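Protein chains in written order, with numbering that gives the first Met the number 0: chain A, 0 to 342; chain B, 0 to 342.
Read the hints as simulated data drawn from the structure, not as lab findings. Some clues are possibly wrong.
[Said to hold, decoys possible] Simulated restraints, written as ranges between beta carbons of each label pair:
| no. | chain 1 | residue 1 | chain 2 | residue 2 | range |
| --- | --- | --- | --- | --- | --- |
| 1 | A | E103 | B | P283 | 34 to 42 Å |
| 2 | B | D104 | A | G208 | 44 to 52 Å |
| 3 | B | H109 | A | D176 | 33 to 41 Å |
| 4 | A | W236 | B | E170 | 41 to 49 Å |
| 5 | B | D102 | A | D300 | 24 to 32 Å |
| 6 | A | D176 | B | R241 | 43 to 51 Å |
| 7 | A | P283 | B | R108 | 46 to 54 Å |
| 8 | B | R108 | A | S51 | 39 to 47 Å |
[Stated by the list, open to error] One side only, chain B facing chain A, incomplete, derived with CB under 7 Å:
| no. | residue |
| --- | --- |
| 9 | G29 |
| 10 | G33 |
| 11 | P34 |
| 12 | M35 |
| 13 | I124 |
| 14 | A128 |
| 15 | A131 |
| 16 | A149 |
| 17 | A153 |
| 18 | I157 |
| 19 | A161 |
| 20 | Q163 |
| 21 | Q164 |
| 22 | V286 |
| 23 | R339 |
Quantities reported herein were computed from a predicted structural model and do not represent experimental measurements. Quick reminder that beta carbons are idealized off the backbone N, C-alpha and C, glycines included.
There are 2 protein chains.
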Amino acid sequence: MSETVEGREALALLERARAAVDPGLRTALGSLPGPMRRVALYHFGWENADGSPAAGSAGKAIRPALVMAAAEALGGDPAAVAGAAAAVELVHNFTLLHDDVIDEDPTRRHRPTAWTVFGTPDAIIVGDAMLALAYRLLAHDPHPAAGAAAGRIAECVIELCAGQQADCAFEERPPEDVSLEECLAMATAKTGALLGCACAVGALYAGAGEAETAAMDAFGREAGLAFQLIDDLIGIWGDPGRTGKPAGADLAAHKKSLPVVAALGSGTAAAAELALLYRGHMSPGAVARAADAVDRAGGRDWAQLQAADRMARAVHELSRAVPDLAAAGDLLSLAEFVTRRSR
Amino acid sequence: MSETVEGREALALLERARAAVDPGLRTALGSLPGPMRRVALYHFGWENADGSPAAGSAGKAIRPALVMAAAEALGGDPAAVAGAAAAVELVHNFTLLHDDVIDEDPTRRHRPTAWTVFGTPDAIIVGDAMLALAYRLLAHDPHPAAGAAAGRIAECVIELCAGQQADCAFEERPPEDVSLEECLAMATAKTGALLGCACAVGALYAGAGEAETAAMDAFGREAGLAFQLIDDLIGIWGDPGRTGKPAGADLAAHKKSLPVVAALGSGTAAAAELALLYRGHMSPGAVARAADAVDRAGGRDWAQLQAADRMARAVHELSRAVPDLAAAGDLLSLAEFVTRRSR
Numbered sequence: 000m001s002e003t004v005e006g007r008e009a010l011a012l013l014e015r016a017r018a019a020v021d022p023g024l025r026t027a028l029g030s031l032p033g034p035m036r037r038v039a040l041y042h043f044g045w046e047n048a049d050g051s052p053a054a055g056s057a058g059k060a061i062r063p064a065l066v067m068a069a070a071e072a073l074g075g076d077p078a079a080v081a082g083a084a085a086a087v088e089l090v091h092n093f094t095l096l097h098d099d100v101i102d103e104d105p106t107r108r109h110r111p112t113a114w115t116v117f118g119t120p121d122a123i124i125v126g127d128a129m130l131a132l133a134y135r136l137l138a139h140d141p142h143p144a145a146g147a148a149a150g151r152i153a154e155c156v157i158e159l160c161a162g163q164q165a166d167c168a169f170e171e172r173p174p175e176d177v178s179l180e181e182c183l184a185m186a187t188a189k190t191g192a193l194l195g196c197a198c199a200v201g202a203l204y205a206g207a208g209e210a211e212t213a214a215m216d217a218f219g220r221e222a223g224l225a226f227q228l229i230d231d232l233i234g235i236w237g238d239p240g241r242t243g244k245p246a247g248a249d250l251a252a253h254k255k256s257l258p259v260v261a262a263l264g265s266g267t268a269a270a271a272e273l274a275l276l277y278r279g280h281m282s283p284g285a286v287a288r289a290a291d292a293v294d295r296a297g298g299r300d301w302a303q304l305q306a307a308d309r310m311a312r313a314v315h316e317l318s319r320a321v322p323d324l325a326a327a328g329d330l331l332s333l334a335e336f337v338t339r340r341s342r
Numbered sequence: 000m001s002e003t004v005e006g007r008e009a010l011a012l013l014e015r016a017r018a019a020v021d022p023g024l025r026t027a028l029g030s031l032p033g034p035m036r037r038v039a040l041y042h043f044g045w046e047n048a049d050g051s052p053a054a055g056s057a058g059k060a061i062r063p064a065l066v067m068a069a070a071e072a073l074g075g076d077p078a079a080v081a082g083a084a085a086a087v088e089l090v091h092n093f094t095l096l097h098d099d100v101i102d103e104d105p106t107r108r109h110r111p112t113a114w115t116v117f118g119t120p121d122a123i124i125v126g127d128a129m130l131a132l133a134y135r136l137l138a139h140d141p142h143p144a145a146g147a148a149a150g151r152i153a154e155c156v157i158e159l160c161a162g163q164q165a166d167c168a169f170e171e172r173p174p175e176d177v178s179l180e181e182c183l184a185m186a187t188a189k190t191g192a193l194l195g196c197a198c199a200v201g202a203l204y205a206g207a208g209e210a211e212t213a214a215m216d217a218f219g220r221e222a223g224l225a226f227q228l229i230d231d232l233i234g235i236w237g238d239p240g241r242t243g244k245p246a247g248a249d250l251a252a253h254k255k256s257l258p259v260v261a262a263l264g265s266g267t268a269a270a271a272e273l274a275l276l277y278r279g280h281m282s283p284g285a286v287a288r289a290a291d292a293v294d295r296a297g298g299r300d301w302a303q304l305q306a307a308d309r310m311a312r313a314v315h316e317l318s319r320a321v322p323d324l325a326a327a328g329d330l331l332s333l334a335e336f337v338t339r340r341s342r
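The whole structure should be built from the sequences, with the hints applied where relevant.
Written as structure tokens, this is what we have:
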């Protein structure tokens, strides 16, 4: 029951964030020259490939919602952070465009990825332009925290790049050669960093000091890692009807997700079985056997416990930034929401 | 004789710029996590692919030299712009990394391009990181003009993206379908914009007002277009011993460079001949015939006159920013240098 209330609260916060940032995002993307604008609006789900209006989804707006909720939890005005929240969302979408090119992913938000529709050059170029749009938004934002936010976002982008680079490098190595520690560091950089940055930017806009901002960042990072762990579990055991992906999609793609790497490092008979399966082609039967091996090797339990542990750490960090946690209810709702979304 | 003096002056300015920005660039690139750092230092010519030190060239440092000279011409302190000049150089190198991926260029500064050595994903990711490093440099620059410079650079990156996008789109169209006007607009966005931005950033750091900054930008743009026209002439008639590329390399690649597009649009018999040659494979004999056709169709003369005209406009714009042109000698030397470099 309490989960349902929290879920409803989170959905309202996400809707509020979408409404707050969409006008700025539409203006920013609309300012791009024609051919780039078309790719950008397609990627956001606002236009079809032929330029006709689409009712697609621009994503859940988790990061803008975190920027707004973090600012509000520290006494800031959520309306004053709309530009910075839109900038963070542009950064997120810049990484999606480039990651889809790099990973050769065919689908994003239930539609063909931009590079499959417009070609790799356009997807690279429009990703670059989105990152520049984020900085332009911040450069024109008269708020006194805009400069510090721009620096923080630049730092975060470098970390996102490092995470994506590590992810690619892992794909080249044999599965049993990648340690769980390396894998967690990669997930922290690739997913945790931007959620942390979103919270830190909200804190900066509320006039927070260094310690509060760092604690907000840590909250977002830990929640982000919990989110990634749950996402990895869904990639193996998720309901295809809800995820839009076939069951075991990550296993079929030989993805070294966190539960898989934990299982491989368990020293169990199931780990050896999994390693063998990961060396060959993944038929539907092999995918089912691999999922079972991850479970028996303890990868599923580890990921669930690790996710719970990260959420506990997230709440601890949040309590350092906002001693009266009652004021941080929205942030907690959002963190709960992202880590429970498809279970 | 005066050309030699100017050339010597320009070389001294470029050396000064290299010395001013290299420490900041090395610190910035050195702060990247290991695998990204390696790609970045390779791209700059400072390391070999195996990580050993290299004595390669990091480029001519034209853009940092323009930032410094523009600041100085308006009474600014060239030492105070070192960080901003390094940021502009990082932006330039971000575009090189991505453009080489997009254009599938095998060679840059006489070495294999980064994507051919480290793969496309690493080249995309490290390009992204370089753009973020540029913004981080500006975010940490205490100079009061740093914020305005960041906004100007963001605007410029969007224009660079538009230019690269147009360049790609032209490649898909039949040669006679691309108008000279479109081609000039593309070259202005792709080459002129960043030279203009470099000069504008220098002006901002000297505390210049809007009109002076705009005139400085226009100076850099016009000089950049002259540079591109000369570069296009070199791509057809350049001395392979000096350019490091085979003669007529641009023709062999069916490149729609400015002299080619001017020739194709001339309505002459030579234009028809050139269009026919551009439809087929370019043997060395065909390249020679195409070069001759561009010449007979007036493309060579047009480009030379246009370059001279752009330089005249550049000087006119410069005189609006710096009424006593004696104070702008360094900028004139640099503009002369880049437009005369290989003739």
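Against the structure, the hints:
The hinted range of 34 to 42 Å is satisfied by E103(A) and P283(B), whose Cβ atoms lie roughly 37 Å apart. In this structure the supplied range 44 to 52 Å holds for D104(B) paired with G208(A), their Cβ-Cβ distance being about 48 Å. A hinted range of 33 to 41 Å for the beta carbons of H109(B) and D176(A) is consistent with their spacing of about 36 Å. For the hinted restraint 41 to 49 Å between W236(A) and E170(B), the CB-CB distance of approximately 46 Å keeps it satisfied.
Taking 24 to 32 Å as the suggested C-beta distance range, the pair D102(B) and D300(A) does not conform, at roughly 50 Å. Distance hint check for D176(A) and R241(B): the Cβ-Cβ separation is about 48 Å, which falls inside the suggested range of 43 to 51 Å. The beta-carbon spacing between P283(A) and R108(B), approximately 50 Å, falls within the hinted interval of 46 to 54 Å. Between R108(B) and S51(A) the beta carbons are some 45 Å apart, a value that agrees with the proposed interval 39 to 47 Å.
Restraint check, G29(B) versus chain A: the minimum CB separation of about 13 Å is more than 7 Å; hint violated. With its C-beta approaching chain A no nearer than about 9 Å, G33(B) sits outside the 7 Å limit, and its interface hint is violated. Given hint, P34(B) at the interface with chain A, holds; its Cβ is 6 Å from that chain's nearest Cβ, closer than 7 Å. Hint on M35(B) holds. Least Cβ distance to chain A is approximately 6 Å, under the 7 Å limit.
Interface hint at I124(B): satisfied, since its Cβ lies 5 Å from the closest Cβ of chain A, which is below the 7 Å cut-off. With its C-beta approaching chain A no nearer than about 4 Å, A128(B) sits inside the 7 Å limit, and its interface hint holds. Taking 7 Å as the C-beta cut-off, the interface hint given for A131(B) holds, the closest approach to chain A being about 4 Å. A least Cβ separation of about 5 Å between A149(B) and chain A falls short of the 7 Å threshold, and the interface hint therefore holds.
For A153(B), the suggested interface contact is upheld, since its CB lies about 4 Å from the closest CB of chain A, less than 7 Å. For the restraint placing I157(B) at the interface with chain A, the shortest Cβ-Cβ distance is roughly 5 Å, inside the 7 Å limit, so the hint holds. For A161(B), the interface hint holds, the least distance from its beta-carbon to any beta-carbon of chain A being 4 Å, beneath 7 Å. Against a cut-off of 7 Å between C-beta atoms, the interface hint on Q163(B) holds, since the closest Cβ of chain A lies about 6 Å away.
Of the supplied interface hints, the one on Q164(B) holds, with its beta-carbon coming within about 5 Å of a beta-carbon of chain A, less than 7 Å. Taking 7 Å as the C-beta cut-off, the interface hint given for V286(B) is violated, the closest approach to chain A being about 26 Å. Nearest Cβ of chain A to the Cβ of R339(B): about 32 Å, over the 7 Å cut. The hint is violated.
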